[in-house]
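As you go down the protein sequences, you meet chains A and B in turn. Counting from 1, one number per residue, gives the positions in the first sequence under the working numbering. Counting from 394, one number per residue, gives the positions in the second sequence under the working numbering.
Please keep in mind that the hints were generated in silico from the structure rather than gathered at the bench. Here a beta-carbon is modelled for each residue, glycine too, at the ideal position from N, C-alpha and C. Keep in mind that the hints are not guaranteed to be accurate.
Computed footprint of chain B on chain A; a stretch qualifies when at least three of its residues, placed anywhere within it, have a C-beta under 8 Å from a C-beta of chain B [as the list claims (entries may be wrong)]:
id, region
1, 142 to 153
2, 200 to 211
3, 254 to 260
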Amino acid sequence: MPDRTLRGQAAIVGVADAASADGTLAGTVRRLQGQMIAEALDDAGLALGDVDGLFVNDSPGWAPSLELAEYLGIAPRCTDSTQTGGSSFEVHVEHAAAAIAAGLCDVAVTVYAATPRSDRARGGGYRSGQTVGATATAEWELPYGLRMPLGAYALAAARHMHAFGTTSEQLARVAVDARRWAAMNPRARLREPITVDDVLASPLQASPLRTLDCCLVTDGAGAVVLTSADRARDLRRPPVFVLGAGTCHTHAMISQMPDLTVTGATVSGAQAFAMAGLGPTDVDVVQLYDSFTITVALLLEDLGFCPKGEGGPFVAEGVLGPGGSLPANTTGGGLAYTHPGQFGIFLLVEAVRQLRGEGGDRQVEGAEVALAHGSGGVLSAMATVVLGTEATR
Amino acid sequence: MKEATRFEPPESVAGAPFWAATRDRRFVLPWCVACGRPHWFPRDLCPHCLATELEWREASGRGRVYSVSVMAKAANPAMAGREPYAVALVDLAEGVRMMTNVVGIAPDEVTVGAPVTVTWERLGDGRHLPLFRPSTAPGTMDSPAPPGASSRSNA
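Just chain A, same shape as in the assembly (with noise of 0.2 Å):
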């Protein structure tokens, strides 16, 4: 097991993200990414003079942060383009925790920005920049035509169905609760309510996921800013350490999956606790990544808030919306306030608004500990951060 020299070694002090009820922002995605910057560190009390650490996992060219620096005119004395999809900033987080616990950079940022829906709407079609290389993907999946990502996550839901009895109907109460929340988020893209029935009957997409199972593609960015646990409480607001973190990569085309129904979230969650020195029971309020209603299952089940193969009646519950035992998504997630395609950013975020008690309508009373879990790829790469106020440090 872990040892805990990392816990509570640095804290996020500064937050920041971009996202409208239409589903669109002005700008590009540099333009936005030095807003996310600018926002999340004036958030902090602190300036781009300060920044000595950059991560960032995204880039039009070959070196992401080498290229972000330069835009920025910052020469950083740690780097990393890490690159795990969605789940990049949860891995950010750790790497950076590291970083400043080890003295390699006192201050960093990590950033996301993607602007697909505006992208769509000029006749670029999500990352149509992007063709398709001589990938073992191309050569061993592409010709039967699963559409990706959702087709990977459908095959996932298939086989939970057939091994754990886990039904549609179960699954719906993901996107109904994200609604219920999201309808508390004036920025949210999704806010009218809906109902089991509505989920049930919107047009099948991959079975047996249908189309209100599926997270919007909306623009939208973040930025989150740490720094060490000493200097984070000479900062404007109160700071939120870093308790735990983990990482697990286990495949990278849905067909190398060792099992469909267990994620790496199995390794990185236990990581990220024992690092902690708490469980599932401390957690106050979670945000996992929902790129799909089976991606909340299969998370609860992985990171221990419900047995294996139980994660169905687990959400049927209704245990993850407004006044639930286990408040999921605030901000209605993925599925319903944005998803620009790398949601992990948005995760931390609204996990640190929470445990600053800046959630406003949808403010979790109390909460002290919370959990932010990323996902990128297809089931890919898992990484969890548990982080908590002063008190829990």
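Assemble the complex: chain A is given as a structure, and chain B must be docked to it using the hints.
The following block gives chain B in isolation, referenced to the frame of chain A:
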């Protein structure tokens, strides 16, 4: 089903022997000489022990559906007109898993656990893409075939 417009997969160095065999509708798998285990997808080293001496062996062409999803819409223009179609992960008798389509049955009748047998779809360049269809009763064409003859009957 429209047959002419499959996305034609690129051919890696490691995958070339597989694709070459498909020109004769032979289904072969890479096995490690050192540890004696097969793997999929084809690599130019063994993912179990990292040894580099591999050999290609005739595969049974038989397996079971591990999971399946029916695409209500085509994933790309090459698949347009085929929808709805079943994309499956099939566990082969040899112990490896591959992505495929299950054909020869209504897509929504493909079930997890169903026994399936390889069949082939010709690609524009003369290679064939391995697909699977429901197996028929034991003792007929789906019985284990002798090496070298396993999949020729399944055109």
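We went through each hint and held it up to the structure:
no. : hint       : result
1   : 142 to 153 : holds (count 8)
2   : 200 to 211 : holds (count 7)
3   : 254 to 260 : holds (count 4)
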